[in-house]
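Going down the list, the protein sequences come from chains A and B.
Its first residue numbered 1, the first sequence is counted upward by one per residue in the numbering used here.
Its first residue numbered 1, the second sequence is counted upward by one per residue in the numbering used here.
The reader is advised that the hints may include incorrect statements.
With a straight-line Cα cutoff of 20 Å, these simulated EDC-like cross-link-like pairs (lysine to aspartate or glutamate) come out [what the hints assert, rightly or not]:
(1) B:Lys107 <-> A:Glu96
(2) A:Lys43 <-> A:Glu20
(3) A:Lys2 <-> A:Asp38
(4) B:Lys2 <-> A:Asp250
Source of the hints: derived by calculation from the structure; they are not laboratory data.
From a predicted model like this one, the values you see are computed outputs, not experimental measurements.
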Amino acid sequence: MKIKLHVWRQENEKAKGKMESYDLDGVTPDMSFLEMMDLLNEKLIGESIEPVAFDHDCREGVCGACSMVVNGEAHGPQRETTTCQLYMRHFNDGAEIYVEPWRSAAFPVVRDLTVDRSAFDRIIQAGGFISNHSGPKPEPNSIPIEPGVAETALDAASCIGCGACVAACPNGSAMLFTAAKVSHLGMLPQGQTERYDRVKNMTTQMEEEGFGSCRNYAECEAQCPKGISIAFIGRMNSDYLKASLAEPVDRRGKMHAQ
Amino acid sequence: MKRLKLLFASSIGKKFVAAVTGLIMFGFLLGHAAGHMKIFTGAGADGVPHIDHYGQFLKDFGAPALPPMIALWGARLMLLGSVILHVVAVLMLSDQNKKARPVDYVKKKRAAASPAALYMMVTGTLILAFIVLHILHFTTGNLPMLGKHVHGEVYNNMARSFSQWWVAIPYLIMMVIIGFHLYHGVWSLFQTLGLDNPDRNALLRGFAIVFAIGVTATFCLIPLSFMFGGEPAVDNEGMNRIYEYTHDKLSSH
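Construct all of the structure, not just a fragment, from the sequences and the given hints.
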């Protein structure tokens, strides 16, 4: 296969980047997208050109490191697939492929396709702890959970924190990520104690990082490699509004009858 | 108040404000559309069109407990407040969104977002301009070039304006634009308020579609009827009134 690649090249966070075009020959349909990028880098090294920097780790679709917008879609055109699980057979011979980094003010470009996603770590940190029993191992079935609830919480927990939702969102919003993280604890009995503080703290941190707002496009859900539903955003909205409008502020204040 | 201020500081809170004000305006649209169906019910025994009576009824609403126009002005102020809050919240959110992506993609592709959702700002801006023109046209009567305006003659004012194609057609286009705004907005407000979930999604999505099309179609009936003679028209001078009546029959405020 012959491929024409347009790749975003940027020296560092401060530098002004631009698209560079490369022709790549010898691509086989069974190569993963990242293996194709490896092939490109070998070619570039042979030509004494600085190779393209990109994040990758497990290459089996579970770590969320491979952050690339391929032809305008986060992780490329295959639904519920990370870039590392995208194969060159999904493209035609002679295809033109645009490869760009996640575009978000909260994810500054470190180099080329590598972005700094520590904003997500700070959102997670803002979630804080859960109060839980420690000490002797409890009997596993001592806390009853409805199986449907447990499964839904696991759906939320399947978020790999890759940032595709932010990359895909026309507004650069991190609502799907934050909603998934808020929900997987907020739905379980163990997460109830700090439930309302958690949603406020995490969304506040999300705002401070400079992400955009949600306009219910559902673009994030469509491009999420784990197919996380925007139902979690609705759930987070509900929890946030309850936390902001209904949860007591002054629980122990004096009451007057007249 | 402190709670609301804190809420408004967040993007979810601003969206909450946009959703609640959107719901108020949507409620108004339903009432506005229903009231205007009186155009098609003809005139009363006194020769005054039902729609003119309806206009008078809105002015007198709340009487005798309230002086005339008070309830109407209350509703008008609530709607004005809703429009202002809706616009302010959305402009602030839009500013936040622009800052969230300083460098845009070279190649963009949408996998899910509907055109209605993507162009909410465009349709919203057009609707805002339309609201101003519509009030100047039919409420205050400041745009006589679109058709002679006589206060209280609701039916004849519409007949004079909409029997001219160049007034009717922009109105029709505007109704379709409002339909697009509702197609996304009416569902979106439930999601923002945290009321949508997979169990109700089909119902709420269907509700938005039915009402977006329904409101648009209902309002389109009016200019279309006058344009194609479904409703009796009056000439632009307004002298040949199809319903002969004097407005002395209606008290004027």
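**Report entry** Hints not upheld, ascending by number
**Finding:** none
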